[in-house]
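These protein sequences, in sequence, are chains A and B. Heads up: the first sequence at position 182 corresponds to 182 in the working numbering, and the numbers run straight through without jumps. Heads up: the second sequence at position 6 corresponds to 6 in the working numbering, and the numbers run straight through without jumps.
Every clue listed holds true.
Lysine-lysine pairs mimicking DSS-like chemistry, simulated, CA-CA at most 25 Å apart: (1) A/LYS148 / A/LYS34; (2) A/LYS23 / B/LYS109; (3) B/LYS63 / B/LYS87; (4) B/LYS45 / B/LYS87; (5) A/LYS198 / B/LYS45; (6) B/LYS109 / A/LYS27; (7) B/LYS45 / A/LYS127.
Just so you know, the hints here were simulated from the structure itself, not pulled from any lab data.
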Amino acid sequence: MKKVLFTTALALFTLTALNAGLKPGDKAIAFSLKNVDETTVSLSDYSDQKGVILVFTCNPCPFAKAYEQRIIQMDQKYASQGYPVVAINPNDAEISPEDTFKSMQALAKEKEYPFPYLKDETQEIYKAYGATRTPHIFLLENKGGKFKIAYIGAIDDNAMDASAVTQRYLDAAIGALISGDTPSPSTTKAIGCTIKAKG
Amino acid sequence: MMPFTGFSQEITEIDGDGIAVLSRNSNDTTYVINFWATWCSPCVKEIDFFEEVHSRLHDSKVKVILVSLDFPNQVERRLIPFLEDKKITAQVMLMTDLDYNSWIERVDKSWSGAIPATLIFNRERRVFLEQELTRDELFENVNQILD
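Taking the hints into account, I'd like the entire structure generated from these sequences.
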């Protein structure tokens, strides 16, 4: 057994090529995806808004659950100021059975999501954006009818306990846009659940 | 240190500065640092392979450290029962610094923050893998670093 293990040193191992994805300043990628209410929601539907808080999230991930209420609050706070939330579930439902369209519908109903919760059925949109985990935020700014990426990353600095947050990264980024500034930091990182994709 | 009964080792707490230093250790040991959590299904799938690396190679200056990203308020309820159930003997650390943004890049610049993620290094070679690993992939990567 030991011999087998130690003769594989020359075997090739492959790394999944990571899509670099979008960066702040890049043009946002258009999407048209099915919402839990069976309608189709497109980025272009928001062309009269100042921006969009795009959230890649899912049903079962503990970090998504920990942030669920805060994401609802973000929409309640910022939709009226021109920055509504649009949530996208990027997980393959065969690999992650709690992320079926039916389960998404049930969760959105139970938690009374005030925002669309869309299924990235072909998984092309999350890959194009370069989302890697849930939840993963992309704040889009509407610049003369064209959406650009303004901020990518975390909502704040404490997933476990909303009352212990000291840095509200997304709040600060939206605040910067409202005052006509560029968010700083424009990217943050957070631990999250891997997006479940077919190999 | 968090002592508790019924489990043969202690879970060491580690913070952002601690993991930054640990990720740059330079001695004669090869480190296999796996970032995981009990709720992360791909992490749970591969954890036996890390335990196997530990049991086979800990005499050959290979140190496996399982850095748990379970929330600190779930240690008693989830982490300890999981470790007991899986009979994990490799070292387990609990990340207590929840401002992830402050330390993720100090582990590896390329890391987006998704788990599982694994850092394998010694003073000569280093690889960071933000992906789930099969048993073969894990041993191949460890062997590449040891070579």
